[in-house]
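Enquirer: Here are the chains, one letter per residue:
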Amino acid sequence: MLRRLAATSVCLTVLFAALPARTARRPQYGGTLRLDMGADLASLDPAVATTASEESAAKIQIDSLIYEGRNPDGSFNGAPGSGPFKILSWEPGKRATLQANENYNQGRPFVDSIAITMARSVRDRLLDLELNKADLAEIPAQDARQSAERGVRISQSPPDELLALVFLDDRPAASDGRAREIIGQSISLAIDRSAITTFLLQKVGEPAGALLPQWSSGTSFLFSTSADVPRAKELWSQITPSRNIVLGYDSADALEQSVAERIVVNAKEAGISLKAVADATNKSTNVDARLMRAPMISPNPATALNGILQTLDPLGRGGFSAKPLRESSSAQEIYGRERAVVDAFRIVPLVWIPRVYGLSARVRNWAAPAPGQTWPLADVWLDTDGKSSDLKDQ
Amino acid sequence: MRSRLRLHRAAVLPILIGFWTFAFPQLARAQATSALPKSWNDAVAELAEKIAAAASPATPVRLELRNISSLDASYAAAIRAALVNDLRSHSFRVESTDTGDLLQLTLSESADSYVWVAEMARKSQDQASAPTIIVAVPRTDLSSNGAESQSLSLEKRLIWEQPEKFLDFALLNDSTSSNPRLLVLGTNQITLYKFSDAQWRLSSTTPIPRNASPSRDPRGTIHLKERNISVEGFQCAGDPDLAGTVRCDATKTDLPDLSTTLPERSNGVGTSVPGECRGDPAYLHTSEGDWTQTDSIQGYLMKKIPLPMVLSGDPIEFDGPVMSLQPEPDTSAARAVVHNLKTGNYEGYIVTATCSH
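Protein chains in written order, with my numbering: chain A, 3 to 396; chain B, 186 to 542.
Treat each hint with caution, since some may be false.
[What the hints assert, rightly or not] Under 8 Å between C-beta atoms, here's a sample of chain B residues computed to sit facing chain A:
id, residue
1, Gln289
2, Val302
3, Arg342
4, Asn530
[What the hints assert, rightly or not] Okay, the calculated beta carbon distance ranges per label pair:
id, chain 1, residue 1, chain 2, residue 2, range
5, A, Ile89, B, Pro425, 50 to 58 Å
6, A, Thr99, B, Glu346, 21 to 29 Å
7, B, Asn364, A, Asp178, 54 to 62 Å
8, B, Ser224, A, Glu329, 48 to 56 Å
9, B, Ala266, A, Ser123, 52 to 60 Å
No lab work stands behind these hints: they were computed from the structure. Ideal placement from N, C-alpha and C gives every residue a C-beta, glycine not left out.
With the hints as constraints, model all of the structure from the sequences given.
Expert: In structure tokens, the structure reads:
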């Protein structure tokens, strides 16, 4: 390698003499980044548990800004303020101000501070972005297109959250193995995933037939996402006596509600008796299946698959993640595990959803984080020159 | 200016052809699309073996290719041809007509590798699952993925600054220690800092013996992989590593300085960085100018055909001249020492190059 580099140097010595120099815009230090979030956090102490997934995710994001690093087990190391930012002020559940850590060992962040406003509803976040009262806010995927049309800069990650229909382990629809499989397969075949993606998600996302997205595993094309209503009808006719399936969804999740209603329509077209019920507590005993979101926790497909199955595991009573894959599992092994789970029809993948962020015109150096990564706010800088025509968001 | 540029390029062409063959043999090979990299051939052989284990060669097969990866058509065709050859060596008859059993080869890709999938045709509707054979193929062998929209994106991070001149610096990563350590190579001493209580704290200093004829332009490099330091006629080694006790001995054979000084522009320096963008090796180079001027670092990509060397992405600017530019081992980054003309301080930056859209 050294020899190679040395040879490279020799060539560069000659070659670079022919290259012109160029100037470019520089990152700017300073300014306050205004961040809206939906969660209302009572504490930033990693030891204090949160109940809602939104709060838990937001807490991880902020803790990653004030702690030096994160251990593989998810805990944070260092003292508060050892990360790129320090806590300047804190009003539980309302707002917080983080100040740039001048002594951060990876280099001082570009912005001087981050002003965080908590407990902002989706509507308020979108309004703040439109009115330039916020620089950064996560927004629902289904609102991305409309927000862009209203002039909000949109940044989105690769699709990294699975919305799936999961059959509960202890419900009648799941009690008889063969019947359960047929019910799951017929419902899966009845669902028009393309319509969900096109109309409900406004083409932000992609139909899911597998437990990992194509960009991660490279094999999701092997799983069909097409609806086959005649086949669904044929399978459903084998269920005797006919069942009434109850599908639960989180009443606080607008996307889940619209997807559940769409599935009811699809099921009806296939002659399947299915009704959707709101289940805010996620603990109703009267549902046969639930809509669930499962985020990827890592870009590594094996780790991501383990995480997804673990997320869905409470509904499957430990059956989904009984055999976690090794991180170094081969593509064949990962595909085999996916195939086994999908073909059991206990989990019916529906759509892959990206994380979507709204940005103000002055935000620079922002890249939507990949699975397992946190917001790169130490790298973000604010352009006060007002030139935003050349923005390229990821 | 334009004609001068061409003259330079013409002059270096023979040198570069020789260099290219020496430095990047795998890329030179990839120019001939009929010859696949070894790991790709291995993957094709693995596919053929698994197909042979799953199917009988008694029935002819009809191989269909689907490419949903970023590989260009010529590579896809070469992979198909290689698989046909390997299947024939396993006694399969690969037909071009519609008579054989369908064997679907799909070239796909995951987040970190190519994924090649062979699907055997189902014999009937009742056959629930036909064999699906999957191999992952390292993407590192890619020489051209057609992602023409990608470019080098540079980012700098200030790691250290001090009023006294220093020649190089290095962050020492040690899995056994939770505290990061910073090694600063000054003109007359080597200083080790440990990060504690949110700041770098002095840990130890090692004086560097003075050369009998000290230079007004001293050079020094920390060789992280070799765990030693070369500076002005001395080579310093650590016991057990550079974070331990450092001893300097006079030497006549310094390790090669991996940065480059341009003969016509004495303040310009450049270095290669590990990794590729669009399948092309990446380089960083400062702009021209002397020590009284601001400076920048620009990314370049060297095309597979030796010329041209092209600008890629935007440069990053500094408030003073870049005095030293050294590659960071195993990462697509370089260490830059900058003399900040506004503050008068010397600053150490990590400049990271990423390939992005």
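Enquirer: Of all the hints given earlier, name the ones this structure violates by number, lowest first.
Expert: 1, 4, 5 and 8
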